[in-house]
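Protein sequences appear in the order of chains A and B. If you're matching positions, the first sequence starts at 0 in numbering that gives the first Met the number 0 and goes up one per residue. If you're matching positions, the second sequence starts at 0 in numbering that gives the first Met the number 0 and goes up one per residue.
Mixed in with the good hints there might be a few duds.
Said to hold, decoys possible - Heads up, simulated DSS-like pairs for lysine-lysine below, C-alpha to C-alpha not over 27 Å straight-line:
#, chain 1, residue 1, chain 2, residue 2
1, B, Lys154, A, Lys131
2, B, Lys154, A, Lys54
3, A, Lys131, A, Lys54
To be clear, the hints were calculated from the coordinates, so they are not data collected in a lab.
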Amino acid sequence: MKYSIPRYWRSRRNLYRLEAVKCRSCSKINYPPSTTCRYCGSRDVELFEVNGLAKLITWTAVYSEPEGFEVFKPIVVGVVEFPECGVRVLARITDVDLNELREGLVLEPILRKISEDGEAGIIRYSLAFRPKMKE
Amino acid sequence: MDGVYVVGVGFTKIDRLFERSARDLFAEAMAKAIEDAGGLKPNALVVGNMTSSVLMEQDSLGALMADYSGLRGVPAFKVEAACGSGGAAFYTGYAIAKSGLAEVVAVGGVEKLTEMPTESVTKALAQAADADYELIHGISFTGLNAMVMRLYMNKYGYMYEDFAHWPVRMHEYGSFNPYAQLRNRVTIEQVVKSQVIADPIKLLDCSPIGDGAAVVLLVRGEERAREVVSSIGRDVLIEVAGVGLATDSVDIASRRSLLTLDSVKLAAQQAYSMAGVNSRIIDYVEVHDAFSITGYVSLESLGFSDEGKSVKEWMEGRFAKGSKPEVNFSGGLKARGHPVGATGVYQVAEVVMQLRGDFPGYRASDPEVGLTQNIGGVGTISSVIVLRRRR
Ligand SMILES: [Zn+2]
């Protein structure tokens, strides 16, 4: 088995949820979440859930992929920003044509499978983003 | 307080050296540095390296390199700061020399990337990024830099072609450097037509995968340094005038800015202030151009260009021979090569030789103050070193 089960269990917060922390001392939002505020050093932080739609800031399509990601080639990855809280997240962008990608594209968070670890191992999913469906 | 001086340098040719081991390469670089310093033997060793654990299945690297370069018994250890390991090793070795803890300190760097297939190397190098928040999404190291390049193009209104002038010039310089991995010249058209690695970065924007080792020797005190260099009939002294090292977040998304390398800015401020100089004083520079975009944002973060301007200035011929500063006559990471943890030490050795006037490739215009800048990750951990020639 390639994956550590304790590490996988701990990472459910960043793989499956959009959890940040808000500092009670300086009010800044920390993403990735940390137990010590990276802006003021306070340990007085509370859970802050990031919600809503995000906007695409920058992106790439990776053709020379790291081991284990061959099936996704090319892997489209972007940095997106949630305008209200300012949180920026790096994740895969899915369900999109390469020529649709542009700065400011509105995206919604979803979950997508990333890998299987053999017959009996962990099937991993992770946070990804796709263009907002028309209503 | 007594200054620290570089009294010897040595390095191997960078290449895909399948027939040679890391310990063999390191021993060659060490022997050359010792010879360059008139036989001076180091009594401490710091080794910069990134991937030995993963690609060579080797830890205890400091002891191994000490033993295989004739230094069994001396204090020796590895410093890891991803692609910035060499610069971080220099920073550490400088502190050991400056404190007087050891009289002659060797700072080395070694990397053996060609033991494994490209996908494994890509994965090992990607470990410079955040494992939980970046790598999990399948991004490569090139991909992270590609996102910076895309943002730069969009923000400042550049076309892909505009960036291609970097690799063209680096290949030209590399053609003069007998130690460079890439010695062929390339045209703008070849760069533009090369394979896309991570859009918009193409193959010829990337530094190559190669093996290499470099060593520099440091001593404390002007008198001692003069004694060493005069024993081999050299009349110039190279002083380490300033050093700086700083960090930023490992993940790029939470940075203050994706286009300014804050860690480079901070490291440069430290080094400039220690040396009592500013960016306008610097004559010659070796910057960390792991990708074309990295070269440009490095020049801006070091204060040589305003943000968004370096690409245009480069196209107009700035930073070439006769400019202030002159940049990367070694060929840079792009053409000299990028044996990851050794790169920062190659840069120091090359700037030392440019200041001494004995660099074996394209020569700078008699520089007096030189600078090296080495980056780990996408500006996660950066070091800046200012070197000054004294007669
Ligand atoms: Zn705070």
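Going through the hints against the structure:
{"no.": "1", "hint": "Lys154(B) <-> Lys131(A)", "verdict": "holds (24 Å)"}
{"no.": "2", "hint": "Lys154(B) <-> Lys54(A)", "verdict": "holds (16 Å)"}
{"no.": "3", "hint": "Lys131(A) <-> Lys54(A)", "verdict": "holds (10 Å)"}
Hint violations for this structure: none, all hints satisfied.
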